[in-house]
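The listed protein sequences derive, respectively, from chains A, B and C. Residues are numbered in my numbering as their position in the first sequence, beginning at 1, plus a constant of 1266. Residues are numbered in my numbering as their position in the second sequence, beginning at 1, plus a constant of 1266. Residues are numbered in my numbering as their position in the third sequence, beginning at 1, plus a constant of 42.
Some clues are possibly wrong.
[What the hints assert, rightly or not] The following residues of chain B were derived to be distant from chain C, with all beta-carbon distances above 10 Å:
#1 LYS1275
#2 LYS1304
#3 MET1324
#4 VAL1361
#5 GLU1362
#6 MET1391
#7 LYS1471
#8 LYS1510
#9 PHE1514
#10 ILE1555
#11 ALA1620
#12 ALA1685
#13 PRO1690
#14 MET1691
#15 PHE1711
#16 ASP1722
[As the list claims (entries may be wrong)] Calculated cross-link-like contacts (lysine-lysine; reagent style DSS-like; alpha-carbon spacing at most 30 Å):
#17 B/LYS1583 to A/LYS1684
#18 B/LYS1508 to B/LYS1327
#19 B/LYS1583 to C/LYS77
#20 A/LYS1421 to C/LYS77
#21 B/LYS1471 to A/LYS1725
#22 C/LYS104 to B/LYS1554
#23 A/LYS1287 to A/LYS1388
#24 A/LYS1583 to B/LYS1443
#25 C/LYS149 to B/LYS1439
#26 C/LYS128 to B/LYS1554
#27 A/LYS1388 to A/LYS1435
#28 A/LYS1684 to B/LYS1508
#29 C/LYS153 to A/LYS1444
#30 A/LYS1725 to A/LYS1684
#31 A/LYS1327 to A/LYS1369
#32 A/LYS1554 to C/LYS104
#33 B/LYS1471 to B/LYS1609
#34 A/LYS1633 to B/LYS1684
#35 A/LYS1609 to B/LYS1327
#36 B/LYS1444 to A/LYS1583
#37 B/LYS1609 to C/LYS153
#38 B/LYS1609 to A/LYS1609
#39 A/LYS1304 to A/LYS1383
#40 A/LYS1633 to B/LYS1583
No wet-lab data here; the hints were simulated from the structure. Quantities reported herein were computed from a predicted structural model and do not represent experimental measurements. Heads up, the beta-carbon is just placed ideally off N, CA and C, and yes, glycines get one too.
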Amino acid sequence: GPSEPQPIKAGLIRDSEFDPKEWGKVYPLEYESWLKTKEPKPTGKSRYKRGWDTDKIMYDKLSEYPYAALLYNGWGFGVEYNEPRGHHFAIIDQVEIDQSRTKAGGVCLACKSPYHKTFVEKHGMKYLTAKFKDALGMLPAKMRETGPSCIDCHKNTDMGLTTNKDHLKRGLKLIGKKDISRQEARIMACAQCHITYYVPRDREKKVAGDVQLPWTGGSWGNISIENIIADLLTDFQRIEWKQKVTGFDMPFIRHPEFELFTRQSVHFRAGVACADCHMPYRRSGSYKISDHDVTSPLKADLRACAQCHTESATWLKDQVFVTQDRTVSLLSRAGYATASAAKLIELANTRRDAGAAIDPGLYEAAKGAYLQAFLRLVFISAENSLGFHNAPETGRVLGDSIAYANRAESLLRQTLVKAGVDVPMATPLELAKYLAGRGEKKLGFRREQEFMDPFDTQKYFTPPVAKGL
Amino acid sequence: GPSEPQPIKAGLIRDSEFDPKEWGKVYPLEYESWLKTKEPKPTGKSRYKRGWDTDKIMYDKLSEYPYAALLYNGWGFGVEYNEPRGHHFAIIDQVEIDQSRTKAGGVCLACKSPYHKTFVEKHGMKYLTAKFKDALGMLPAKMRETGPSCIDCHKNTDMGLTTNKDHLKRGLKLIGKKDISRQEARIMACAQCHITYYVPRDREKKVAGDVQLPWTGGSWGNISIENIIADLLTDFQRIEWKQKVTGFDMPFIRHPEFELFTRQSVHFRAGVACADCHMPYRRSGSYKISDHDVTSPLKADLRACAQCHTESATWLKDQVFVTQDRTVSLLSRAGYATASAAKLIELANTRRDAGAAIDPGLYEAAKGAYLQAFLRLVFISAENSLGFHNAPETGRVLGDSIAYANRAESLLRQTLVKAGVDVPMATPLELAKYLAGRGEKKLGFRREQEFMDPFDTQKYFTPPVAKGL
Amino acid sequence: MIQMTWKKYLAGAGALALLTVIAFVPHGLLDQTSKPAFCNACHPMHAQYEVWFLTGLHRGIKCVDCHLPNNNEVNHLIWKGIDGTKDVVSFFSGVYPDHITATGHAKTVIKQNCIRCHNEMVSRISTGDRDCWSCHRRVQHNLNEFSYRE
Ligand SMILES: [Ca+2]
Ligand SMILES: [Ca+2]
Chain A
1267 GPSEPQPIKA GLIRDSEFDP KEWGKVYPLE YESWLKTKEP KPTGKSRYKR
1317 GWDTDKIMYD KLSEYPYAAL LYNGWGFGVE YNEPRGHHFA IIDQVEIDQS
1367 RTKAGGVCLA CKSPYHKTFV EKHGMKYLTA KFKDALGMLP AKMRETGPSC
1417 IDCHKNTDMG LTTNKDHLKR GLKLIGKKDI SRQEARIMAC AQCHITYYVP
1467 RDREKKVAGD VQLPWTGGSW GNISIENIIA DLLTDFQRIE WKQKVTGFDM
1517 PFIRHPEFEL FTRQSVHFRA GVACADCHMP YRRSGSYKIS DHDVTSPLKA
1567 DLRACAQCHT ESATWLKDQV FVTQDRTVSL LSRAGYATAS AAKLIELANT
1617 RRDAGAAIDP GLYEAAKGAY LQAFLRLVFI SAENSLGFHN APETGRVLGD
1667 SIAYANRAES LLRQTLVKAG VDVPMATPLE LAKYLAGRGE KKLGFRREQE
1717 FMDPFDTQKY FTPPVAKGL
Chain B
1267 GPSEPQPIKA GLIRDSEFDP KEWGKVYPLE YESWLKTKEP KPTGKSRYKR
1317 GWDTDKIMYD KLSEYPYAAL LYNGWGFGVE YNEPRGHHFA IIDQVEIDQS
1367 RTKAGGVCLA CKSPYHKTFV EKHGMKYLTA KFKDALGMLP AKMRETGPSC
1417 IDCHKNTDMG LTTNKDHLKR GLKLIGKKDI SRQEARIMAC AQCHITYYVP
1467 RDREKKVAGD VQLPWTGGSW GNISIENIIA DLLTDFQRIE WKQKVTGFDM
1517 PFIRHPEFEL FTRQSVHFRA GVACADCHMP YRRSGSYKIS DHDVTSPLKA
1567 DLRACAQCHT ESATWLKDQV FVTQDRTVSL LSRAGYATAS AAKLIELANT
1617 RRDAGAAIDP GLYEAAKGAY LQAFLRLVFI SAENSLGFHN APETGRVLGD
1667 SIAYANRAES LLRQTLVKAG VDVPMATPLE LAKYLAGRGE KKLGFRREQE
1717 FMDPFDTQKY FTPPVAKGL
Chain C
43 MIQMTWKKYL AGAGALALLT VIAFVPHGLL DQTSKPAFCN ACHPMHAQYE
93 VWFLTGLHRG IKCVDCHLPN NNEVNHLIWK GIDGTKDVVS FFSGVYPDHI
143 TATGHAKTVI KQNCIRCHNE MVSRISTGDR DCWSCHRRVQ HNLNEFSYRE
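Start from the sequences, fold in the hints, and give me the full structure.
Next up, the structure:
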């Protein structure tokens, strides 16, 4: 094309302008594509990340992975936990979800509202610990439903990438990362939110501060699940809930996309960034822009991949499934093994209270292994790519989860039998109990949403009778 | 590569000319590169496939993976089992290895001597069941050390690829594969030998025929470990040895490169063939030829990869290690878990013989799970790429191996304790016992060759005291 | 390695020689030496020629449109002399790697050319520190027979 490059228009956006509408006046194309995160995406293109597609169905993670209902029982995640919908719904989903999820309050706006940083600076703990609805009420009326916004990712001056999240700055300090290249910035824009975190608590599990990242001991390109677990088990500040079945005080892990992807995945090592795949350039007339309608590349027909890969979209899609099918199979192995160990711990607890002689040595060893298994399972379950972001690491983490869960199981069976308690070969999980009548909406098990083991191996370990569904 | 392919001269090689020297007169360049499989390869380039590098050290698989010494104890593989050396040594290694390995006799020449097919046709069972040395003696004197040869892979007429192995023809019939494209032929040339097999036996485990492939139920691009195990467990003809520790009659699995690679690996799906990576085109004078010095691509500085990948050789090497390190970590998890189950079975057996009340239901269930774990472990252990040929499938198979092995372990601990036998938390493996004084050479454990878990997780499951080394 | 440096010197010397020649050569020759067919006259260039031709995408433009500076005539001619000489010397000396790769300078030239032709297309995005072909891997010449398979 003949015409001269048009430089980014500087100085047209007021400092600390929060409203995307205003930014959109200067950059209408990006704004329009950003608005599209509201639209449902094509149905039937993604195998495992359905949810708010054109069929408008919301997908219930606890029905997709029934063992999770048993394991997360005890707090909000065990009541309602859905597949994500899209950036437009960030706050809306918090409002619509069962309120057991938003108990923590204002701190929950950290990755939802662009105002979070400013409000923490202005109002501190008053805002952070405010009831969720009240905290939301503190925001300017017209911005109470506005999620990830221009100002979260961009400098108003030159549109360069930046961050609007202090928890990320704290995290980067923990791993000693200083200068960020442009390609790294295309990752960090997402790492503002697609990372695991904990809400610091006091001994009564009451909110004690702003969001923190469990990255102690990690480094750039190397935040391992081992690092994360070591950090999360250091003290009570990271203990966020009590698991009902086992009675254990527990930390938790959420959406560690950044951590898994950057741990030496083939794409990370090849210099590929999140934005390359989730915000691919899109032709818009005679020039191209970054597509701000962030979603699953499968639902965008893998356009993002096509410039780097010469294989057909079908080939690429099927290759994604090759990895995801295997992840889902190992997930069920790890999930049901961990659930089985949890039920044996429950049994050991009740019998001990009834006076049975549960060997403390074996019990404590089993508890230790169980925690290791659980946190590894949650790490991969909460990560949103079903292994695609990093296939070899996903296999490693799930293999270890299976090993730890089963170690707990053997030690528990040993101590139970020793105490005169016999156990059937396959531990009864009573899953129906945990899935029925959840929360105010009285959510139930949605059989049609369950993911069965694509390799059909799980039935050997968990026959229907043991599953109890 | 920049050079011209070499013109093919037809009709200059006599029909059924077995001697590579004669073929070499017509195609000196390929012949010379073929001769090079005799030369040791550069030391220190490969992390896990050392053996016969310029340091001339032979690597002992049983020292690299100590649990294997316990598991394979009972026949040749538990006495001496080395990392491969190169095509030139195919027969030489059979002669030099502990003779417990060659008990089967003439049938062992199937993938070593180009004469095998002809001799089976001419002399049948007399040759197949002959003592190994006698069978070797039947070959023409000058060809008694000649391994994979031109005639195994080529038609003398137009140098087109062909096969000289009837077991492969039988295998292809089993999976219903007919026409072979040129690219597929570049895989089949290797699939003549880099496949798992069994030597059919009678009820006394005596050799009962020529080599067979356990591919029942498989299809092209889809021979799963599940298929292979189902085939191997059908009847006594596939039972080749008795495992000492457990006393179980067992089948076995060897070098399933073809099976793992073609099960939807990313390179297979991308149309890449074994020869692309192990026999890349090489400039020789003003010609380019297929390098017949078949070896690890890492030892050839990843020249093969450059024709398709733009990343540096270092990048590619490190990416191979990313996958292999994870495979080795999961291998130790699966290996030690299977070994631990084996020792508990041994304990259960001795106590039962001493009159203890071992629950037959639990014992049989444990035995079933144990076999599933063992065969999956051997599948990945015997495959020679440490997962690189197919990372996602490798993770899946090892994850399942871990799950089955631990299932066996819990059931065994349960039945043992029930029978009044207590077991320490980590089962004592007494590995020194299995590694010391093996065979006529009185081979011992070579500590410097052992592969430690690159992620250092195994020590939790198998503390030194339990390992017994 | 010694040979390589020797090659570079020779190339340098040859370049000067060729430059003076080029200044006076008839434009017919310049056209000839700008045709892809000319590049392909050398078997070392055949692989790239094949892919350039097969991938279609830039069949309408010439090798030199990407591989020589096109910001101004003089620069174009100078580098045509240097690169041309380097190629000729390398070829007849036979001293060149099995797997030819672009030098740092070559990459800069190429990227400038990408942007030259596609300036409007990329006018809104930050073209920053990244080679266009890190995404547009098709324009590289390392395609193999397995590409584009359904
Ligand atoms: Ca969704
Ligand atoms: Ca070797």
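Against the structure, test the hints numbered earlier, and report the numbers of the ones violated in rising order.
When the structure is compared with the hints, numbers 17, 19, 20, 21, 25, 28, 35, 37, 40 turn out to be violated.
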